Structures are given as structure tokens and as C-alpha cells.
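A.B. asks: As given, the protein sequences belong to chains D and F, one line each in that order. When the count follows this note's numbering, it moves up by one through the first sequence with no breaks and lands on 100 for the last residue. When the count follows this note's numbering, it moves up by one through the second sequence with no breaks and lands on 1163 for the last residue.
Keep in mind that the hints were calculated from the coordinates and are not lab data.
Covered stretches of chain F, as calculated for chain D (at least 3 residues, CB under 8 Å):
(1) 1014 to 1021
(2) 1025 to 1032
(3) 1037 to 1046
Everything numeric in this text was worked out from a predicted model, so none of it was measured. Where is the CB? At the ideal position from N, CA and C, for every residue including glycine.
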Amino acid sequence: MVPESYYVALSAVLFTMGVLGVLIRRNPLVIFMSIELMLNAANVALVAFGQRHGTTDGQALVFFVLCVAAAEVAVGLAIIVTIFRLRRRLSVDELSTLRG
Amino acid sequence: MSLFTFAVLAVLAIGSAAGMLLRRNPIHGALFLAINLSTVAALFLTMRAEFLAAVQIIIYAGAIAVLFVFAIMVLIPGKEETGPDPLRRQRWLAVPVAALFLVLVALVLRSTVLAGPPKPHLPGGTDAVGRVLFTDYLFPFEVTSVLLLVAIVGVMALTKRRA
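Just chain D, with the same shape it has in the complex (with noise of 0.2 Å):
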């Protein structure tokens, strides 16, 4: 058996990359993607966590991530698409006004 801190060692480096990633790229979609990755990397950890407790509730957190993740990257993606149609072009840097 593995044991469970080279799993959390592992969640810890794939969230800092996706950290890395919102913070470098430009594209939101791409930033969108990053976000995805950090939020795997914490149901990695949650897994583990749970299997060195000897319980399930890990587990059944990591169903729950998956729900909210479904849900957020299509009112994400929803964003991003109308934002789009707004503006014709797509850089989190030009986005930095409230109003629409």
C-alpha cells in the first residue's frame, strides 16, 4: 500500500500548479481549466485523508466537490460565453469593470 502522504504530497502539487495557472494565464477559459485542476487535487486529498481515518466521509465530500464543480463550471462557462458576446474578446485583463 501506498501510504497516504505521498497522495496529499501529490493533491499539494497539482492545486499549486493550478494556482499557477490562474495566476499566469490570460485566457479565462484556461483559467477556468486551473480551477478544475485545484479543485481535483482537494478531492485527492479528501480521498486520502479519508482512507488514513478509516472512514467513507471522504468519499462522500468528494461526490459533493464533484456536484458543486459541475454546477460551477456551467454557470462558468455560461459567464465567459455571454461575456464573449458582449465584447467580441476574451482576456481577463480588459475585464475589470462591474458594469456590463
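With chain D's structure known, arrange chain F on it following the hints.
C.D. replies: Same frame as chain D, now just chain F:
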């Protein structure tokens, strides 16, 4: 043997995440993301979370990755991130900041969370997850359905073309 499997999966996961970060074309990013999500499903399998592995493939690698590809098709990108970057200096600052974040996370994890001897593994599996979901987590489970309904209605309202 299990360590070897974990090592291969870890290299795949980190490599696909790096590919997602570095490729300029978002469709390549979406493909790398799909690889990453499938690798995470395999990681769930190695942790004996079979239900989550199946759900990960269906929801993430199936639905979410396809949704990303659809959005990329609608938005016709490929031209972004090629022009001059006004925030180039600030963006390079992101690398040390992310490294610092990783160090902090590693310190926290080392100090507290994984201390102490591990508990024995429960016989997990789909039936155990289902039992927990429908007893202890019954209310959150029901709220999840409302959340998905709100997401559906919100997406319809957001993307409707106004006359």
C-alpha cells in the same frame, strides 16, 4: 508494484497539468485536462474508491471536458494570448508566489494532519459510500439537487439572447 503504479500516475498527472499550463492553444489545454482527470480517476481506483473513479470519468472526463470543448468551439479562440502582455513582469512574480504557497502547504501538512499512526482501512466500496450518503449526508444530498436545478436555470437565463 502499487508504488510503481502510483509513480506512473503521479508523473502523468503532473505532466498533463504542466502541459495544460504551458500550451497556448486552449483546445490542447482541454485535452491535457481530460488526461489529468482520467489520471485522477485511476488514482481513486488505487485508493479503492471505485464509485468515485466511475463518477470522475462520467462527470469530469465526460461531461465537464466536453463542456469545455464546446465552449472553445463557440468562442473561436486561438488568437488570444499572442499579443503583447501588459502585465508580463507581474506575471513572472506568480512563480515564486506559487512556490511559496507550496512550501506553506507542505509545512502545514507535515506538522499536523498526517501525524500519528494510521487507522485500519474500512471495507470501502460503493455500498459504504451509498450508505453514508443516504444516512449521514442525506440533507446535503438533497440540497445538491436544488443546487443543480439552480445551475440549470441560471445557465438558461444567462445565455438567453435578449430580443
